[in-house]
Amino acid sequence: MIMNIWELSKIQAKELTIKYLEDFFLLKGYKRKKTQSSYFNFDRKDKTGFDSVAIGYLESYPGSKISYSVLKRIDKVELIKDKIFEISEPEKVPNKRSLTVAFSQATVDGIFTNNFMPEMLNETDVEVSCGIVKDFMLKIGFPMLEKFNDIKELDKEINGDNFWTTDWQMPFNLGGDFDIKRIVIAWLAENPNFEEIVDKTYDIMSQNSDGTYYHYDRSDLSLRIPYTVHYLNTLR
Amino acid sequence: MAEEEEVRTHYQGLDFIQALVEVKEATLTLCNAAKVPEKYWDDKDAGYAKSPFHGPTLSGIGDGAIAELRDIPEMVGFGLEIATERGKAGELWNAIKSITPAKIKKMALGAAKEKLDKYAAGGNTMKHEAGKDGVQIAMFVSGAVKGIAANGKKIAELGEVADALENVADEALGQVSKNVDEIAGKSINKALKDGDLDVLDVEEIAEEIKDATTKVDKTWLENLIKGKKYGQNVTNKYIKSLDDGYFTRASKEFGISKEELKGMVQIEELQINIGNGNFAVADNVWSKKVVVEGKIEIHVYINETKLSAGTAPTKRQNELFSAAKAGSVNITSKSIREDVVSILPKDTKLIIKSIIKTNGNGSVSDFYNISKIY
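These protein sequence lines are chains A and B, in that order.
13 is the number of the first residue of the first sequence in our numbering; add one for each residue after it.
40 is the number of the first residue of the second sequence in our numbering; add one for each residue after it.
Quick caveat, the hints were computed from the structure, so don't treat them as lab data.
Small disclaimer: the values here were computed from a predicted structure and weren't measured.
Every residue gets a Cβ at the ideal spot worked out from N, C-alpha and C, and that includes glycine.
Check before you lean on any hint, since a few could be wrong.
Said to hold, decoys possible - Restraint ranges, calculated between C-beta atoms of paired labels, are given here:
1) GLY349(B) with HIS242(A): 23 to 31 Å
2) LYS291(B) with LYS164(A): 33 to 41 Å
3) ASP405(B) with PRO102(A): 45 to 53 Å
4) THR287(B) with LYS45(A): 37 to 45 Å
5) PRO204(A) with LYS276(B): 49 to 57 Å
6) LYS354(B) with LYS88(A): 37 to 45 Å
7) ASN174(A) with LYS354(B): 17 to 25 Å
8) SER402(B) with ARG44(A): 26 to 34 Å
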């Protein structure tokens with residue numbers, strides 16, 4: 013006699029999520045990466061990198077909640093970043109799944125938590141949550157991923173008129189190393205204001221969060237931003 | 040001496056967890072160094088007498104017992120999952136699934152010496168042999184567990200621990216049994232065979248088992264489940280809802296303003312690499328990005344929820360606390376959880392500024408007390 017103390021465990025939630033999302037993503041060209049744990053991805057590779065939707069679960073006794081992120085890797089950006097880090101930060105090991113863009117309904121809505129989906133206690137709840145994910149993907153997720161296939165569009169978002177000082181608590185992030193990647197993206201996008209963007213980046217990184225000023229030595233190639241600029245110049 | 044008697048005699052006084060730890064040592068050595076530790080096969084080795092699994096004894100259980108191994112006891116899979124690293128356990132489990140009784144019969148621990156030559160050859164031959172030996176040892180352990188299970192009623196303590204382990208695994212699956220004897224861990228077996236057991240859940244709970252200094256019994260298990268319920272209560276009722284009273288007290292312990300804490304990125308169940316090869320799961324994490332002398336830093340504040348004031352942190356939590364206090368620069372978010380990277384990029388270096396504990400009064404209630412750990 014087995015008594016189920018959970019209405020919906022993570023594993024049960026995973027099975028049902030697959031049931032309600034797999035066909036949806038398959039039609040869009042995404043394949044599920046099989047995993048032993050409850051976390052998994054729907055991935056779609058293309059010649060520029062890959063798009064992915066990562067799904068996980070939070071315990072919410074007696075049920076579970078979906079936690080997800082929409083991801084994009086642009087190989088050109090990540091490979092240049094890896095080359096830069098070979099010299100400036102050799103302790104950072106290149107990762108084939110390092111990401112260039114990451115967002116979710118929460119970040120787009122300005123809610124910065126992974127606990128933003130409704131609780132799921134039964135199959136109907138899972139269907140509802142999956143419906144929310146589908147709705148988000150159709151209205152925002154897929155269009156955003158598609159838009160950023162053009163690196164100029166990504167550059168426009170972060171380096172354009174509404175110049176970002178950070179990607180922290182913004183609608184999407186660059187998967188870490190924002191200061192470096194924004195410069196790489198500007199360079200790849202052939203942004204005519206490249207030098208200005210570099211200058212602004214130095215200014216931002218010279219302002220300590222406690223309000224004090226830090227003298228950033230722009231000629232010190234052991235520092236990541238000067239080396240990034242130097243490296244990109246060698247590619248011209 | 041009868042075979043069962045021999046097994047029982049050998050295991051008397053041995054702690055079950057200790058046996059599993061031995062398995063970990065064996066399997067990791069196999070995978071990392073591709074070498075069977077001598078103490079497991081060389082009866083001249085000083086460690087042989089202390090080894091919890093003696094090949095000749097267990098392989099000599101007889102054809103009947105070997106045939107039963109086709110239905111590999113749930114404890115083998117569970118034992119491997121909790122006793123080995125996740126990746127290695129998965130590899131071994133896949134190998135175990137392909138094993139047939141006929142193959143098992145051909146395995147003799149005495150042949151291990153011959154294999155050493157093949158290891159020396161390196162390459163795929165070495166890997167293949169190492170894999171086979173890993174399976175072999177797993178099978179010996181399965182025999183050991185089988186022996187324990189068969190003698191469970193006679194060896195009260197081991198039987199009780201085995202029952203307790205099964206209950207914990209069931210809890211990890213979201214199930215608990217009213218009648219331990221009846222289910223006998225079948226759900227674990229099925230989950231492992233189907234590949235749908237949440238390995239991470241088991242790992243976390245396994246850590247708690249290994250950390251348990253007190254007797255692993257049903258009361259301990261009940262408290263484990265209550266602790267999970269209480270943690271969820273705190274998260275849903277106070278943290279997610281930005282409860283003013285809770286945030287006033289938490290921010291005071293953290294030494295920051297309530298408004299600042301409320302404005303931070305909030306992450307639940309964050310897996311954190313401690314920097315020593317292990318990871319801990321932080322119940323609630325608040326984080327902010329700062330710029331310090333031209334570098335970006337992520338500062339984090341952590342809450343751990345405990346059922347009562349007397350509930351001790353797990354070993355991994357203590358390791359995390361120590362690393363934080365020591366100002367370790369090797370603490371990072373764990374990359375496997377890509378579902379959280381939209382709010383915290385993977386492999387981000389974390390600087391832990393403060394840790395608090397929210398504890399209950401031993402029951403699943405609205406009571407909470409907050410104290411500073413670091």
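Among all the numbered hints in the text so far, which are the ones the structure does not match?
Violated hints (numbers, rising): 1, 2, 7, 8; every other hint is consistent with the structure.
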